[in-house]
Amino acid sequence: MTTLLADPQLHAQAAQGVQSAAWLLIAFPLAGAAILLLGGRRTDKWGHLLGVAMSLASFVVGVAVFVSMLGQPGTGRSRVVHLYQWVSVGSFKADMNLLIDPLSISFVLLITGVGSLIHIYSIGYMSHDPDRRRFFAYLNLFVAAMLLLVLADNYLSLYVGWEGVGLASYLLIGFWQHKPSAAAAAKKAFIVNRVGDFGLSVAIMLMFATFGSVSFQDVFGHASQASHGTITAIGLLLLLGACGKSAQLPLQSWLLDAMEGPTPVSALIHAATMVTAGVYLVVRSHAIFELSPEARLLVMIVGAATLIAGAIIGCAKDDIKKALAGSTMSQIGYMMLAAGIGKAGYVFAIAHLIAHGFFKAGLFLGAGSIMHGMNDDVDMRKFGGLRKVMPITFATFGLGYLAIIGFPGLSGWWTKDGIIDAAFEKGGTSGQILGWTALIGAGITAYYMSRVMFMTFFGERRWDEDVHPHESPQVMTIPLILLALGSIAAGAFLIAGDRFANFLAPVIGAPQVAHKLITPYTGVVFVLMVAGVAIAYVQYLRRPVPRTAPAGSFPVVAARKDLYGDALNESLLMRPGQWLTRLTVYFDSRTVDGLVNGVAAFVGGTSGRVRRLQTGYVRSYALSMFFGAALIVGALLLVRL
Amino acid sequence: MLTALIAIPALGALLVALLPKGRDELAKRAALVIALAVAVLTVVMAVRFKIGGPRFQFVEQHWWIKQFGVHYAVGVDGIALALIVLSAILVPVVVLASWNDAERSGGVTLPPSGEAGRSQGGEAQRSVKTYFALLLSLEAMMIGVFAATDVFLFYVFFEAMLIPMYFIIGSYGGPQRSYAAVKFLLYSLFGGLLMLAAVIALYVVSAKGGNGTFLFDELTKLHIQPTTAKWLFLGFIIAFAIKAPLVPFHTWLPDAAGQAPAGAAVLLVGVLDKVGTYGMLRFCIELFPGAAKWFTPVVLTLSVIGIVYGAILAIGQVDIKRLIAYTSISHFGFITLGIFAMTTQGQTGATLYMVNHGFSTGALFLVAGFLISRRGSARIDAFGGVRKVAPLLAGTFLIAGLSGLSLPGLSTFVSEFLVLVGTFTRYKVPAIIATSGIILAAVYILWMYQRTMTGPTAESVKGMRDLSKRELVVIAPVLAILVVLGFYPKPALDIINPSVKQSMVRVVQHDPKPAIAEKGTRP
Amino acid sequence: MTGHYLVLSAILFTIGGVGVLIRRNAIVIFMCVELMLNATNLAFVSFSRMHGTLDGQIIAFFVMVVAAAEVVVGLAIIMAIFRSRKSSSVDDANLLKY
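Residue numbers (our numbering), protein chains in the order written: chain A, 2 to 642; chain B, 809 to 1331; chain C, 34 to 131.
What the hints contain is simulated information worked out from the structure, not anything from laboratory work.
Honestly, I wouldn't trust all of these hints.
As the list claims (entries may be wrong) - Under the rule of at most 30 Å between Cα atoms (straight-line distance), these lysine-lysine pairs were calculated in the DSBU-like manner:
1. B:1038 to B:1298
2. B:1101 to B:1016
3. B:1270 to A:46
4. B:1029 to A:94
5. B:1196 to A:46
6. A:94 to B:1016
7. B:858 to B:1298
8. A:46 to B:858
9. B:1277 to B:1038
10. A:94 to B:1321
11. B:1270 to A:180
12. B:1270 to B:1029
13. A:94 to B:1196
14. A:94 to B:1038
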């Protein structure tokens, strides 16, 4: 029981006061979604306003809960709001409870805060879409599901939120369903996610079989008593789930296609919140990963591999959203890497996640603002020189850009450097390899983001003739400005003075040593960053950018094709799957059903032949009667004797 | 109470059948009123059912054929009650959904030219009142089969159920209706015959130890020789496996469900097939616990094969109704898996699965029926971009589809997860293979949705009507039930759980203990 | 002593049976049937004698009555067939088949 006491996360108290009203967090957006979806066209006029109001209301509740949490001592900050008994069968119990602790509230504020900004932005972005109401309904649905995901106090409720955000993502990627590419991308996202969900659900089953419970409290409390193999298995299965949701290798392929959705969706779901759920899952389940170095190592490998792969893909894309999507993959790779490092990394994983939420949402919304002005074109080769015509977008995008490449002082610098340091501090060969990977990744990040920046805002104007770029309305630029402020300040606010580490300490344990701001690697990171920017400067600013993409060498082509991820999926899974399906259908209709029909035909045929015995000749009947009688007499005699 | 539930639709069927010709509207209304009355009565009964009371409630028992110890004995426990409620709710829905379908072949309005050649000969005017009378008589037998606590009575209802369904498919079905109807009837009769033999043998066994009886309660107390028990178990399980249907006895279902009018397909897959799984849970396991354990590996293997095989076949279908039928084969795999996992979670989940699957597949068939009746074709490639012209239709189709892929938040998820977790505690590998079914489910449902509803609007579906008020009234309650039970399954679980526990006690089964013996302390 | 009667009865019965099976003429078949009936009568009477009861003789009377009734109906049918088909061969009356 000592372990129980040591980890305050495990004895959450019942919530009181404002916190017991935490169910409103989910109820508001859920009600919004329900009203907008059931209300139909009647709500078209004010639907978007209701959607924004519900998201803001949820944010206000979140802030209130957060403030009341700050009023409590550090160890008493984990509270459980009991809602109702959900499933209870035999010893299997899963309740709808909300767990309010520093980790979940951080996510709540990110989701509702950034979410509300994106809601507001969407009023302007979607103003010409006849289905704007439906869009807001789906956004609200997403917020509700995402909140359930982070607030759940057991894995089964978490799973509901987990698939709920998957559904919202499906609906929003395929929002423009008349485009076959959007519909296909939505389906692909859902199915790839289902592969991850397979892992998560098996993990939940294994937990129940091992611990007799699926609540965080029981699972983490008894994790140390389970066998090492079981814990590793649970960890790997959770990682599979996290890979699906967070677009990590090998389940990364859906994220780039997901850019088919409207840009606010890419910002909210496929950059700031949903795709980071995998990181949340790993950090939340830290009690399990800490017991299994093997599982942790794999988390780190996945993270490192993805951060490089994502960065490389980001280098070659001409589609601004896809370049950013590659960057998202890469940044989540950083978070995964940090989450896999262990105690030293969790804070940076979550801090990077929050900072990334700000600057990547800002970048995507900026991209949306550009598209808004460029007739929904996404090809950066047709941009250029937008700095002058879209000053606000340029400024906010620029700040986001500086944040993501890790310009000293901005958000990304604080959090990304922390991750790189943590990787090196892990020690050993693996620490060196992972650290250098992260370092190189940082250099590539600087390169591809500078490429985006230069191609879009600098250089000569390469616009189509009928395009007249203009700055977006205020309803879109104000969220951009607020997000830019976040990109500037979030990192310093969280990391300086170990503020965030101390805040999260009740959940993930206090850091052993205070974080050092300046380490030997700080300089290396800076040099690599400058190098990346410089290469991009030479390639895309000093030289003119052709309007059509040059053929490119092998690595460029490979990166353009998402490092052959789709080709691999197609040849390994899709085609064999199609063959298997066809074969099975053939087998079923010919063999299984053929057997059934064969039996029927056999019976029919036999009776047709047997019918011939009815000759109509009395004597043949008499003969058969005679034999029958003889048979009976014989049988009787036989029995008698 | 139960007798009234059986008698009302039976007499109602008679009444509707005796109405004068040409009063179709009256026949429809009468059928609807009767079906609704039964639904209300059933709900009253469910409310009055005492949780924690005796296992069988609302018991009635009279001699029927005294010489052979046959009783008219009815009574419900939680499992039967849940299924009776399912049938009683689905029938009025189906009646309303079939409002304009009876006159047409397979519920399809053929376009004025072109494809008319596919239907069999000149379409004679079909009797509307007969269709509704058949539906009502089917309801009487469905309630009877779930309520019967006498094995012989159960057998009688089990076989009698086939007759109205045979006529509905054979007279009101699609172009290949007679092939489908005969296949359905013969296949089921074959299974029924094996069961009859087993029923008689059961009587003989009971007669040896004193008075011969068919009463379920007394039969469970019998001591049957292990070898005999295995044979009798086989007789029952093959009948139920054909009914359910378990792979490899499944091939009649896609034909029957594909040819039946949509409303009848709802009842066929939603309720009739549940008799098979219900029979496994009630009779196979409780009457022959030893044999059931002995055969468990076989049934589990077939279930897992069914889950994956059915799903793969569903992916490859080109006809919407056949696709849904194949998804059901996959889902029935889950149900039998849960039943034979012999854990509380597995069996409770399986029972809840039966109910949820009734509503979920019911909703899918209903919406598919609406869709098909508008287009006049059931082929998937005949559609495309329907969402643009009929958003409500597409929306309901999507929700029904999502319940088919067990999305959390819809009731099917609760049952599917319970089945899987219940199986996993005892049989890890089958559970893991079965879990892969959730990926395949996403493929077949979403791919179908993508091909029918999204993309550019096909020329042929332009001008398609959206859901009418009547259709909305039909589909809304079913979807509402799916959502409510998804977030709040407690009412259903409270009814089902005690009955499952009692039957677990009867077959002397305990849930496996978690690997960590010490239970966590919960607040 | 009575054993011989039984043997005779069996021989007569066999002759009658074989006649029914191999002959085609309806009249002859009919006579063979009569032969079989009377063979059984003989057996009945013999047994009656053997056991010293009257049961066998009584049944023999029943058989005679039945045989008489049969002759009436059977000959009528044969006559009817002969009139319509101009033949008394049973092979010509084979309509009752598959």
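Tell me the hint numbers this structure goes against, listed in increasing order.
Of the numbered hints given earlier, those the structure breaks are 1, 4, 6, 8, 9, 12, 13, 14, listed in rising order.
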